[in-house]
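Please arrange chain B on chain A, whose structure you already have, making use of the hints.
Protein chains in written order, with the numbering used here: chain A, -19 to 121; chain B, 9 to 141.
These are calculated hints, taken from the structure and not from any lab test.
Certain hints may be false.
Partial list, derived from the structure: chain B residues whose beta carbon lies under 10 Å from chain A [as the list claims (entries may be wrong)]:
no., residue
1, Leu20
2, Pro42
3, Tyr48
4, Leu63
5, Ala71
6, Thr86
7, Val95
8, Val96
9, Gly103
10, Gly105
11, Val107
12, Phe108
13, Tyr111
14, Gly117
All C-beta atoms, glycine included, are put in the ideal place defined by N, C-alpha and C.
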Amino acid sequence: MPNSQLTASLTLSVVDLTIPGAAGLVNHVIPPLVFTSPGSGGLGVTYSGYAVLNPGGSINIISGGIPTTPFIFVRNVGTALCSLTISWSSGGPSNIPRLAQGAWFLFGSPGLDTNADNGIIQATVSSLNNAGTVIEYLVAS
Amino acid sequence: MSNITSLLGLTLQLVNVSANSTPLNIGLQGITLPMTAYYYDNFFQAGITATVVPLPGTTVWAAYVRNLGANNVTVNYTPSGGASTSVVLTPITTGFGGVFLYYQTLETGGGGITAMSITASTAITPCEVFVGY
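The following block holds chain A by itself, in its conformation from the complex (with noise of 0.2 Å):
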């Protein structure tokens, strides 16, 4: 029986503001991304709801190489722009586009511990050497 279970769920509309009360352009109900413990083991979870950055520094939010980190979430709630580079199984260090005030990051990738998920096995958040930068993150292995 597994031990734990992580889930992910996202919904996306689009609704034209000129039209009030009109209904979505889009409308989805993503599927879920479920995340279970393999056997009877755990699952490694690593939240923080407010990590602040020094200006000029970084964070390595992942940095467990193999066996990979198949999920990722990281918002920006601080005021200042900051980046994100991820390296995947498959290639990298790649550049996120930056982050803005408010912006999130999303990367899901099923299966756990394998090799061949193409889940991370580095991600960095870095100031931009403004203060202000402040993220919020979870990661799931």
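Showing chain B alone in chain A's frame:
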């Protein structure tokens, strides 16, 4: 001036099965991006050569790609002001395929994507694609 808006919601829930408890439950709802145009294809056909995603503007501020097929797909994108880069989304194996989601809440302040294409590894592979401008 924006005349449409996109709304994104995310719930992250961690369940301890053996203890029947929910140690983590995060709900982020009503996150919006005011826009003027978008492109959405719920069954985008990614070919074995790069298939360009038609961006509705010079810079898109929201991008979502999900692999719906049985093959790997490579999403190649260009961050605004940066070099082209890529990520591989694996096929559906445990109920879902690989997901890439980038979402700004304003069309100012830096960031964005200026080009995107998707390439399937071995055969035409469907993906769900949304990009907003």
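Hey, does the Tyr111/B contact hint survive, CB to chain A under 10 Å? Status holds, d = 5 Å.
Would the hint on Thr86/B stand, with a C-beta cut-off of 10 Å toward chain A? Holds, about 9 Å.
Interface restraint verdict for Ala71/B against chain A (beta-carbon cut-off 10 Å): Cβ of Ala71/B sits 8 Å from chain A, so the hint holds.
Cut-off 10 Å, beta-carbon criterion: hint that Gly103/B touches chain A: Since chain A brings a Cβ to about 6 Å from Gly103/B, closer than 10 Å, the hint holds.
Hey, does the Gly105/B contact hint survive, CB to chain A under 10 Å? Because about 7 Å separates Gly105/B from the closest Cβ in chain A, which is inside the 10 Å limit, the hint holds.
Using Cβ atoms only, decide whether Gly117/B comes closer than 10 Å to chain A, and label the hint accordingly. 4 Å, holds
Interface hint compliance - Tyr48/B to chain A, C-beta minimum distance less than 10 Å: This interface hint holds because 5 Å falls under the 10 Å limit.
Hint validation: Val107/B versus chain A, beta carbon distance must be below 10 Å. Holds or violated? The hint holds - Val107/B has a Cβ within 10 Å of chain A, the shortest such distance being about 4 Å.
Given hint Leu63/B near chain A, where the shortest CB pair must fall under 10 Å: Since the shortest Cβ distance to chain A is 13 Å, the answer is violated.
With a cut-off of 10 Å, does the beta carbon of Leu20/B approach a beta carbon of chain A closely enough for the hint to hold? OK, holds: Leu20/B within 10 Å of chain A, min 5 Å.
Let's test the interface hint: is any C-beta of chain A closer than 10 Å to that of Phe108/B? The hint holds - Phe108/B has a Cβ within 10 Å of chain A, the shortest such distance being about 6 Å.
Holds or violated: Pro42/B as interface residue toward chain A, Cβ cutoff 10 Å? With a minimum Cβ separation of about 8 Å from chain A (threshold 10 Å), the hint on Pro42/B holds.
Violated hint: 4 only; the structure is consistent with all others.
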